[in-house]
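Colleague: Take a look at the letters that make up each chain.
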Amino acid sequence: QQQVKQSPQSLIVQKGGISIINCAYENTAFDYFPWYQQFPGKGPALLIAIRPDVSEKKEGRFTISFNKSAKQFSLHIMDSQPGDSATYFCAASEDSSASKIIFGSGTRLSIRP
Amino acid sequence: GAGVSQSPRYKVAKRGQDVALRCDPISGHVSLFWYQQALGQGPEFLTYFQNEAQLDKSGLPSDRFFAERPEGSVSTLKIQRTQQEDSAVYLCASSNTGEAFFGQGTRLTVV
Numbered sequence: 001q002q003q004v005k006q007s008p009q010s011l012i013v014q015k016g017g018i019s020i021i022n023c024a025y026e027n028t029a030f031d032y033f034p035w036y037q038q039f040p041g042k043g044p045a046l047l048i049a050i051r052p053d054v055s056e057k058k059e060g061r062f063t064i065s066f067n068k069s070a071k072q073f074s075l076h077i078m079d080s081q082p083g084d085s086a087t088y089f090c091a092a093s094e095d096s097s098a099s100k101i102i103f104g105s106g107t108r109l110s111i112r113p
Numbered sequence: 001g002a003g004v005s006q007s008p009r010y011k012v013a014k015r016g017q018d019v020a021l022r023c024d025p026i027s028g029h030v031s032l033f034w035y036q037q038a039l040g041q042g043p044e045f046l047t048y049f050q051n052e053a054q055l056d057k058s059g060l061p062s063d064r065f066f067a068e069r070p071e072g073s074v075s076t077l078k079i080q081r082t083q084q085e086d087s088a089v090y091l092c093a094s095s096n097t098g099e100a101f102f103g104q105g106t107r108l109t110v111v
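Residue numbers (this note's numbering), protein chains in the order written: chain A, 1 to 113; chain B, 1 to 111.
A few of these clues could be false.
Claimed, not checked - Straight-line C-alpha distance at most 30 Å; calculated DSS-like pairs for lysine-lysine:
no.	chain 1	residue 1	chain 2	residue 2
1	B	Lys14	A	Lys71
2	B	Lys78	B	Lys57
3	A	Lys5	B	Lys57
4	A	Lys71	B	Lys57
5	A	Lys68	A	Lys5
Stated by the list, open to error - Far from chain A by the CB rule (all over 10 Å, computed), these chain B residues:
no.	residue
6	Ala2
7	Arg15
8	Val19
9	Glu44
10	Glu52
11	Gly59
12	Ser62
13	Arg64
14	Pro70
15	Glu71
16	Val74
17	Gln80
18	Arg81
19	Gln84
20	Asp86
21	Ser87
The hints are simulated quantities; they were obtained by calculation from the structure and are not laboratory data. For glycine and all other residues, C-beta sits at the position ideal for the given N, C-alpha and C.
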């Protein structure tokens, strides 16, 4: 059973455009929702994270929107740049530091110059 | 060290061979996690340590997989009698009170 569902599988965006990746979850015990960025040959790196008590969090060009009632959350990358080309994973856990992280299946993002 | 270090970076094993993968977490990090990442997939949880105690091993796919962290720092993931389906990148992560930091992983190829 896939606890965190992510779409799309791949995404191509023009430079300067907005990249949007969507995720949905089932487990209402999840209370920490991080997004990870992974480059080829590297481990995932935390990009931005949110807890369900807020509906939006913005850090620079990256924004998480969170809809607790729908059990959905999304990542928006504004003014997308070629350097943003990577695989993005949404994830969820019951505790940010002491619990396993459940990852989505990933979105391969390509930014066209 | 500055980050989570894993060794070896690449390992080719013949089917049936035993392998040991090492993880050096960030100094002082209490929590340590192992994940398995198949090609084109998201990482999947294997096991979790808090100091030397293995608190969750629910993700280990079979009794051929064994992990230890005897002194609460370095951890080893051992896979016995490797099978082709074990081919994947094995990721280690450590954390203290917040963000989990991942190593670059060990790419295991079973031939």
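Colleague: Was Ala2(B) rightly flagged as not at the interface, with every chain A Cβ beyond 10 Å?
Modeller: 14 Å, holds
Colleague: Against chain A, does Glu44(B) hold up as non-interface, every C-beta pair farther apart than 10 Å?
Modeller: With a cut-off of 10 Å, Glu44(B) comes too close to chain A, as the shortest Cβ separation is near 7 Å.
Colleague: Straight-line Cα separation of Lys14(B) and Lys71(A) no greater than 30 Å?
Modeller: Given that 30 Å is the threshold and the Cα spacing comes to 44 Å, the pair is violated.
Colleague: Examine each Cβ of chain A, and state whether all of them lie more than 10 Å from the Cβ of Val19(B).
Modeller: 19 Å, holds
Colleague: Test the statement that Arg15(B) is away from the interface with chain A: the closest C-beta pair must be farther apart than 10 Å.
Modeller: Given that every Cβ of chain A is farther than 10 Å from that of Arg15(B), nearest at about 25 Å, it holds.
Colleague: Decide, holds or violated, for the assertion that all CB atoms of chain A are farther than 10 Å from the CB of Glu52(B).
Modeller: Given that every Cβ of chain A is farther than 10 Å from that of Glu52(B), nearest at about 15 Å, it holds.
Colleague: For Arg81(B), is the shortest beta carbon distance to chain A beyond 10 Å?
Modeller: 26 Å, holds
Colleague: Would Gln84(B) pass as off the interface with chain A, using Cβ distances and a cut of 10 Å?
Modeller: Given that every Cβ of chain A is farther than 10 Å from that of Gln84(B), nearest at about 22 Å, it holds.
Colleague: Taking the minimum C-beta separation from Pro70(B) to chain A, is that value above 10 Å?
Modeller: 20 Å, holds
Colleague: CA of Lys5(A) to CA of Lys57(B), is that 30 Å or under?
Modeller: 23 Å, holds
Colleague: Hey, does Arg64(B) actually stay past 10 Å from chain A on C-beta?
Modeller: 20 Å, holds
Colleague: The output says Asp86(B) does not contact chain A. Does that hold with a beta carbon cutoff of 10 Å?
Modeller: 19 Å, holds
Going through the hint list in order, the structure does not satisfy hints 1, 9, 11.
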